[in-house]
Amino acid sequence: MWDAFVAVFARDVLQAWRRRADWLTSIFFFVIVVSLFPLGVGPEPALLRTMAPGIVWVAALLAAMLSLPRVFGSDYADGTLEQLVLTPHPLTVIVLAKVLAHWLLSGVPLALIAPVLALQFGLEGEPVGVLFVALLLGTPCLSLIGGVGAALTLGVRGGGVLIALLVLPLYIPVLIFGAGAVEATVAGTGAAGHLSLLAAGLLIAIVLAPWAIAAALRVALE
Amino acid sequence: MAFNWFKYSSPQTFYPLAGRLVPFFAVLAAVLGAIGLYIGFFVAPTDFQQGEAYRIIFIHVPAAWMSMFIYLVMAAWAALGLILNTRLSSMMATALAPTGALMTFLALWTGALWGKPMWGTWWAWDARMTSELILLFLYIGFMALQASIDDPRRADKAGAILALVGAVNVPIIYFSVKWWNTLHQGASISVGRSPSMASTMLLGMLVMALAYWMYSIAVTLMRVRSIILERERNTQWVRDLPGAPA
Amino acid sequence: MLEVRDLACQRGEQPLFSGISFDVSAGELLWVEGRNGSGKTSLLRILCGLSPAEAGSIRWRGENIRGAREVLLGDTLFLAHANGLKDDLTVVENLRFDARLAGMNAGADRVDAALRACGLGERRDLAVRYLSQGQRRRAALARLWLAQSRKLWILDEPFAALDAESVDRLAAHLGAHLEAGGLAVLTTHQEVPLPAGRTRRLRLDH
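Protein chains in written order, with my numbering: chain S, 24 to 245; chain B, 1471 to 1716; chain R, 2 to 207.
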């Protein structure tokens, strides 16, 4: 079982490495969206500083969502998904390996770049660190919840846009606690509450999402 | 229910039963609605703070109740359909979604109409209103997913999984929105009702809630009948129905 | 070993087939025939547990697969119409992944032997993207040389896109599998030299 987990994870990472341009695209999408906001609302430093956590998080949500169709899409198209479902291993384990790979390729880069972008918005010191931690805790939630949407829309008409409709409302708690953590640090009230709620959400997602994803994949392959 | 539940779990036997039940619930909805509106608009006293405009709550509050309740009922039917593989349960879930979305929309709309005279704004990012808006998104997502899948059985199952994920998420979303709201006190307006609500107001609201309930049942049964006809159009019993094209 | 009773299948609202019953015992091959759209692929997908049947039962080693999916999956090798190969990985990477996932502790030499047996020894380090249709099919079929421990082979059009030499090689390999007590269920449109005496036919259209 562990062997299958490692095999699937390693394959997805290798596959992504061969297609690194695809993944870089969604990371640059993140950077561009964040950079658009000052152009839209004006370069007023105080305003930007208040908006920064929300902007970075909304952009992270969109960037994470943009890469979702790739999680199961290519496996579905070339028939490897059938092979994955037909192994004697629990499908939830395989699903978890794929989601972990997605997080490593989409979530972790966002968390690494976000502090640099935060500097552009006049955030410094502790809030930047909290932003990094919050993204590290929140982006796996995005990958897990998003995986459900990706699995449900496999081979469905208008899949890409539909994912947004299904997944974005479910992302709202992550957005609230993630952005809230940074805002609370800026306001000086401490981010511990927000961060522990994010961690709790992550635990719930780790326990429940793989089941939902596995069930959705089975339905998609019927 | 006193009768054998499983006997009616097949679309073929449920179709005529639903047909007999629809007028019953429709009449109940009309009568209760008339009584509730009468109490709401003529019997209930004028609110000393909000004047006459508050009377929209007789439409608004029951709609908000129903919008959340229907989502849970829908998720429960969907779960039943997924676990027991009963087609009728899934059809019920599909039939409930538009009514739930309608209730959500009604709650949002009347909320805006209420908010304008009360607080001078159509929309406030209040915890309840925001949750209601997100609920509308969840309904739309459910309907959009089912509409974009051609195979009805795959649509049923995929919709069921989404409804269940949504049902787990609704409390989390509500809690997070409330939390978010308390942290941004500046932008929020307290939409709490006055604690000393006149008993006639409460009565009117309960009667209206019952009317909404009956309406939802009647409309859902009608919709389920259409879904049954559409999905079973190739079967002999549908072809044998009076009025079916030869 | 494989007992199928009164199987029925629907696609959408359209019934595809019903009342299909057959047995396949050790050393036998079942050739599923039928026109396009008669439900051959659907039947194979039901057999390996991907799709649920509308009605009927499937027993493997005497147990209904509804309750004992893992037993069936541990014994089965399914080759779908799609090759199940990743375009961006090399032939050998693909095969090694399959072996690892299937829990077959295949060393590098066994993977290489399987590839040579399929005539892909020279192309082992080429990304699948650069292979021709026939070569891709052969790469997918190389699993059959790796998975000799799998008793039940379910193959959807395994001979499609293969050249004459590869067809003969695959037929011979199938024969060896049956000889060793294995089972196979397959579909094919071509007249292929299937092992005589061990092959039974099932027509799906009526």
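Because the hints were derived from the structure by calculation, they are not lab data.
Note that beta-carbon positions come from the ideal geometry of N, C-alpha and C, so glycine has one too.
Do not rely on the hints blindly, as some may be mistaken.
Short derived list, chain B residues pointing at chain S, Cβ under 7 Å [to be verified]: (1) Leu1554; (2) Asn1555; (3) Arg1557; (4) Ile1604; (5) Leu1606; (6) Phe1607; (7) Val1635; (8) Val1640; (9) Pro1641; (10) Ser1646; (11) Lys1648; (12) Trp1650; (13) Asn1651.
Footprint (simulated), chain R over chain S, 3 or more residues, beta carbon under 8 Å [said to hold, decoys possible]: (14) 29 to 43; (15) 106 to 114.
Status of the hints after comparison with the structure:
1. Leu1554: For Leu1554 of chain B, the interface hint is violated, since the closest Cβ of chain S sits about 15 Å away, which is over 7 Å.
2. Asn1555: violated, 12 Å
3. Arg1557: violated, 15 Å
4. Ile1604: holds, 5 Å
5. Leu1606: violated, 9 Å
6. Phe1607: holds, 4 Å
7. Val1635: This interface hint holds because 5 Å falls under the 7 Å limit.
8. Val1640: This hint is violated: Val1640 of chain B lies away from chain S, its Cβ roughly 10 Å from the closest one there, beyond 7 Å.
9. Pro1641: violated, 10 Å
10. Ser1646: holds, 4 Å
11. Lys1648: This hint is violated: Lys1648 of chain B lies away from chain S, its Cβ roughly 10 Å from the closest one there, beyond 7 Å.
12. Trp1650: holds, 4 Å
13. Asn1651: Result: violated, 10 Å to nearest chain S Cβ.
14. 29 to 43: holds (count 7)
15. 106 to 114: Coverage by chain R holds for the segment 106 to 114 of chain S (7 residues, Cβ < 8 Å).
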